[in-house]
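S.K.: Chain by chain, the residues:
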Amino acid sequence: MNAFIEIIIFGAAAAGALVGAVGIIASAAPVRSALSLLLVLGSLAVLYLLLAAQFIAVLQVIIYAGAIVVLFLFVIMLLHMRTGEGRATKLPRQRPAAMVLAAAFLAVVAAVLRGVPSIPAAVVSEEFGTAQAVGRMLFTTYVLPFELASMVLIVGIIAAVVIGRGPR
Amino acid sequence: MTIPVPYYLALGAVLFTMGALGVLIRRNALVIFMSIELMLNSVNLSFVAYARQLGSLEGQVTVFFVMVIAAVEVVVGLAIIIAIFRSRDTVDIDDVDLLRG
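So the sequences go chain by chain: L and X. Numbers 1 to 168, taken from our numbering, label the letters of the first sequence in order. Numbers 1001 to 1101, taken from our numbering, label the letters of the second sequence in order.
Hints listed in this document are in silico derivations from the structure and should not be mistaken for laboratory results. All C-beta atoms in this analysis are idealised placements derived from N, C-alpha and C, irrespective of residue type, glycine included. It is possible that some hints are incorrect.
Where chain X lies over chain L, by a calculated footprint (3+ residues, C-beta under 8 Å) [to be verified]:
no.	stretch
1	15–27
2	47–59
3	104–114
4	150–159
Among the chain L residues that face chain X by a calculated CB cut under 7 Å, a handful are [as the list claims (entries may be wrong)]:
no.	residue
5	Leu38
6	Ile68
7	Val70
8	Val75
9	Met77
10	Ala121
11	Val134
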């Protein structure tokens, strides 16, 4: 791919992800947070394509943007009455303390990232990251975790039905 | 592969910090949940970036499983939030403090 175009795509997708992330934590209305989450997920799908992860990018759009965000929007619409936030009364200095902690965490991660040795990226084949390649791995090496994941999904569905049904 | 992998890792670190900040400062249970999704996604980005750098598909398979677990987590978590709303008429976590003692 043309290097210049790749830089532009990365810049746009990274900016979209950062703007969306700020939108999630700063929006007063939960529905805006959900739409910001959609922006983040879409931007990350673009970045996955840049990283030669086509299958993961498609899954990101189908599972996250298609299912999870829609579920969030359903619940927000269901509970539309009192979903706002009052003033914090229980923990008065929560916000400044949280900001200091987050800044400290980011500083630690930045220090770790600075020490990451720069290895040149591996040369990968055309097939890398396609549904075929990932699927072959899922059904050979990782077949046991794959089947366990389906069990977890079934348990989750049953749990959601039982919890959501309410008291009898 | 024009963009070096550390750029993706740095973006993932910033997104993770934002998610953690959201969990700490917001009190709406739904928004806290979205911040958790943000953190999961930032880690996914690091996994995919390293999978590309090392030329190994294991990272992408891990992201697949993270997505499955995230989907289950959202379904059960939202059901719990709805149940809390039914019984207490609020999704503000400061009002749900039975275990506070």
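S.K.: If a hint holds in the structure, say so; if it doesn't, say that too.
M.R.: Verification of the hints:
1. 15–27: That given contact holds, which follows from 7 residues of the stretch 15–27 of chain L lying within Cβ reach (below 8 Å) of chain X.
2. 47–59: holds (count 9)
3. 104–114: This one holds; 5 residues, not fewer than the three required, reach chain X with a Cβ under 8 Å.
4. 150–159: holds (count 6)
5. Leu38: 10 Å, violated
6. Ile68: Nearest chain X Cβ about 5 Å off; hint holds.
7. Val70: Constraint on Val70/L not satisfied, violated at 11 Å.
8. Val75: 5 Å, holds
9. Met77: 11 Å, violated
10. Ala121: 4 Å, holds
11. Val134: 6 Å, holds
Checked against the numbered hints above, the structure violates hints 5, 7 and 9; every other hint is satisfied.
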